[in-house]
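Residue numbers (the working numbering), protein chains in the order written: chain A, 1 to 217; chain B, 1001 to 1162.
Hints may contain errors.
As the list claims (entries may be wrong) - To give an idea of the interface, some chain B residues facing chain A are shown, with a C-beta separation under 8 Å as derived from the structure:
1) K1013
2) G1025
3) G1027
4) L1124
5) G1125
6) V1155
What the hints assert, rightly or not - From chain B, some residues computed to sit far from chain A (all C-beta separations above 10 Å):
7) E1003
8) A1010
9) L1024
10) T1037
11) T1053
12) L1060
13) K1064
14) V1071
15) Q1076
Calculated from the structure, these hints are not laboratory results. On a predicted model such as this, the values are computed, not experimentally measured, just so you know. Quick reminder that beta carbons are idealized off the backbone N, C-alpha and C, glycines included.
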Amino acid sequence: MAKGKLESLTEKYQDVLKELGNIGAGNAMTALAYMTNQRIDMKIPQVRLMDIQDFGSLVGGEDQIMFGIYLNLEGDASGSMLFLIGKETGDAIAKQLLGGMSLSEEETENMKNSVMQEVGNIVCGAYLNALSSLTNLCISLSPPQVVMDMVGAILSVPAVEMGLNSDKLLLIQTQFKEDVEMEGYFIVMPDEASYVKILSSLGMPMDELMSITENAQ
Amino acid sequence: MSEIIKVGMADLKTCRVPDGLTTLGLGSCVGVVIRDTVAGVGGMAHVMLPDSTAIRGDNLNIAKFADTAIVELVRQMEFLGAKRNRMEAKMAGGASMFAFKTQSSLVKIGERNAEACHAKLKELGIPVRAEDTGKDYGRTIIYYPETGVLEICAVGKNKSYI
């Protein structure tokens, strides 16, 4: 069987995509570190081509509870972006950002979602800004949607979106860790056409890209 | 010792009693379970999308779509000795995880998944004994074909059994 488009793209441009993840997530982490006043370490980004079946266990067990902040990419590139934060990390960030306010337990709970939404906005915006200025593409974000649930259920949303056209998902994943055992992930999933756009705007030869996408039809 | 077999996203599995089946973190996906008590055979499908015919592209994974997954699950169960006229089904999942305002094709995907499963089961003449679908939270389900109990766990909620 001929290799799919995504397979060829992944093989050929692995390093370029990794570097994109590095720059984007680096920028995002700076924003988060600044906001929370914490030192945050980032792991080397991974470019992964996954079968949909395995997608739920992307960040470990499907039943871990995490905050998921989900945004759609709009404009010159489309796709989606997911910022996953461990439940405890999210709680800690929210607590810290709400620190100055005297709120009851219940009020804090209610505020948490909107805090996470704002965190998502700032952090994912930073990621995307880096990506936009690097590629000279105009990419904007939809308003973030926040949910706290099992990670498998959160991941099913982008899986459904991408799964419309493919059984495989290509994504750039970056894990981060804060000083005090805080954990989270960035997962960026441009669609197929946007990968070509992004790569060509970074100076990858267009004819090469086109031949990959055509051959693999 | 009985075993609990894990079913992944866009995946389907069958088992013989007393084994059970589980799938973790159903979001907008729907978990369909079917059993035939006489043959002692159970099956579970983790369905992601409602309709295989609306999709372009080749080498489709049949377990991904409600229409093809249920047919395949029934076929595999029949292979293990189950009979369609003795089968009964339950289902859970089909939530709307995020409240999207745009993206028309994906709005209410959970609801559409559940509808598609109902339609296919009806077409095959398999009765749906119980269901827990919709709402806005993820579910982990465990199915015991021997008793027919479907255990549902969700974050911040008590376990429920249907």
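Flag every earlier hint the structure violates by its number, smallest first.
1, 4, 5, 8, 9, 12 and 13
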